[in-house]
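J.: Read off the chains here:
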Amino acid sequence: MQATKQSSGWHLRDVIMLTLIAIFFGFIFWVWAFAYDAVAATPLKPFANDITLGAWIMAGPLAGYLLRKAGASFLGEFLAAFAEMIIGSQWGVSTLLSGLIQGIGGELGFALTGYKVWNGLSLVLSTLTSTIVTFGYDLYANGYASYSFGMLVTLFIIRFISIGFFGGVLVAAITKLIDKSGILNR
Amino acid sequence: MNASIKIAVALLISLEISFTKSISLNIALIICAIIYLLFKRVNWKLMLYSILLPILPAFGSWSSLYFYGTGDHVHMAFVLLTRIFAYIWIGSCFTFTTNIDDLLKSLEQNFRLPNTFVYGVLAAFNFLPRIAQEVKTIRLAARMRGEVLHFYSPQIFFKAILTSFNWSNNLAQAMRSHGFAEGKRRTHYHIIKIPKWNWLVAASILIAVQVFLFMSPFH
Numbered sequence: 001m002q003a004t005k006q007s008s009g010w011h012l013r014d015v016i017m018l019t020l021i022a023i024f025f026g027f028i029f030w031v032w033a034f035a036y037d038a039v040a041a042t043p044l045k046p047f048a049n050d051i052t053l054g055a056w057i058m059a060g061p062l063a064g065y066l067l068r069k070a071g072a073s074f075l076g077e078f079l080a081a082f083a084e085m086i087i088g089s090q091w092g093v094s095t096l097l098s099g100l101i102q103g104i105g106g107e108l109g110f111a112l113t114g115y116k117v118w119n120g121l122s123l124v125l126s127t128l129t130s131t132i133v134t135f136g137y138d139l140y141a142n143g144y145a146s147y148s149f150g151m152l153v154t155l156f157i158i159r160f161i162s163i164g165f166f167g168g169v170l171v172a173a174i175t176k177l178i179d180k181s182g183i184l185n186r
Numbered sequence: 001m002n003a004s005i006k007i008a009v010a011l012l013i014s015l016e017i018s019f020t021k022s023i024s025l026n027i028a029l030i031i032c033a034i035i036y037l038l039f040k041r042v043n044w045k046l047m048l049y050s051i052l053l054p055i056l057p058a059f060g061s062w063s064s065l066y067f068y069g070t071g072d073h074v075h076m077a078f079v080l081l082t083r084i085f086a087y088i089w090i091g092s093c094f095t096f097t098t099n100i101d102d103l104l105k106s107l108e109q110n111f112r113l114p115n116t117f118v119y120g121v122l123a124a125f126n127f128l129p130r131i132a133q134e135v136k137t138i139r140l141a142a143r144m145r146g147e148v149l150h151f152y153s154p155q156i157f158f159k160a161i162l163t164s165f166n167w168s169n170n171l172a173q174a175m176r177s178h179g180f181a182e183g184k185r186r187t188h189y190h191i192i193k194i195p196k197w198n199w200l201v202a203a204s205i206l207i208a209v210q211v212f213l214f215m216s217p218f219h
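Heads up: the sequence lines are chains A and B, in that order. Last residue of the first sequence? That's 186 in our numbering, and every number before it is there in order. Last residue of the second sequence? That's 219 in our numbering, and every number before it is there in order.
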């Protein structure tokens, strides 16, 4: 296929693919939000938030892993949040803010490896930075600063497990299927 | 109002209320947003949707802080309750009055977003209804083989990625064959300009929020 040279290294096909994946994820997230509500309507909300959070950060690590470019993880996550907002999210414009924060969190992990390592290690790093960055944001935005220290530690661990499962284990399983199918020809 | 400016103002305000703890500011923002939407004659069904949608998460946030919080938690519980409604209504001011075409065109012409991104994203967003259909098809196809796919099954994401991969190849080729050239200058039939009053209104809204925050009787 003919490719034009561009400084960012982003081609039309990459952009379309990233956006399509983001919309697919946005759609799947949107369905998932209703599952979250069942628990979130009760005082168990903070746990619901942290148990389910992993599902929302999946688009980032996956996009980073698929496209292997600087900024892919951030853009994938941000576009997924944008798609979710357009479809009609119950969090309104804060969806976009969360996408921004989660995108930065996921991207940091890949950035730490200098965009040279694309394996389990970079995924683990990405899940770790996602957990830390999103938790830091929730201290303010979701009033987590009002919880006791013990509660915060519990929530942090739950969140890391959730992000580890969705952004780590599940993403690794998906990429394994992709690698086996050979569509990326690397 | 210009779409990019509108979304920038909405984002800045919501970023600010993520960090402030003023109940009165949140309520004032909700009222302003409702007035704006009424003025724009938005469909009442959409308005109703915006009222009903955040009730569950807002109540959840309120109750969890109320029961588990420490310190100033009762105040924070109400801050969060109003904040979630403010997020939704500010978001609605953008999503119910603007479409993605306007936003992308404005980002391209007024803020020099590279056209690869503008038209790539636009092309993909036009597939939104087909994507909703595709997710259903993937689940139905699996059920015919006796498999039930959940949102945590790698297969559903794998199939979604395969589809995205195929469609993006086809779309990119189709766009090139219709004369789309990456990184080349384009001429525009529909030229978007940002009138001065847009900047003035945006600045006034942001200043008004700060003044209100400073003057509000109880924090």
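It is possible that part of the hints are untrue.
As the list claims (entries may be wrong) - Below, in silico cross-link-like pairs of lysine to any residue (SDA-like), each with a Cα-Cα straight-line distance of 25 angstroms or less:
1. B:184 to B:113
2. A:176 to A:108
3. A:180 to B:163
4. A:176 to B:135
5. B:40 to B:206
6. B:45 to A:180
7. A:180 to B:193
8. B:105 to B:186
9. A:180 to B:165
10. A:180 to B:144
11. B:184 to A:180
12. B:193 to B:96
Derived from the structure by calculation, the hints contain no laboratory data. Nothing here was measured: the structure is a model prediction, and the numbers come from that model.
J.: Hint by hint, note whether the structure agrees.
T.: Tested hints:
1. B:184 to B:113: holds, 12 angstroms
2. A:176 to A:108: holds, 23 angstroms
3. A:180 to B:163: holds, 16 angstroms
4. A:176 to B:135: holds, 21 angstroms
5. B:40 to B:206: Distance ~21 angstroms between residue 40 of chain B and residue 206 of chain B Cα, so the pair holds.
6. B:45 to A:180: violated, 47 angstroms
7. A:180 to B:193: violated, 49 angstroms
8. B:105 to B:186: holds, 12 angstroms
9. A:180 to B:165: holds, 15 angstroms
10. A:180 to B:144: holds, 24 angstroms
11. B:184 to A:180: violated, 37 angstroms
12. B:193 to B:96: holds, 21 angstroms
The structure shown violates the earlier hints numbered 6, 7, 11.
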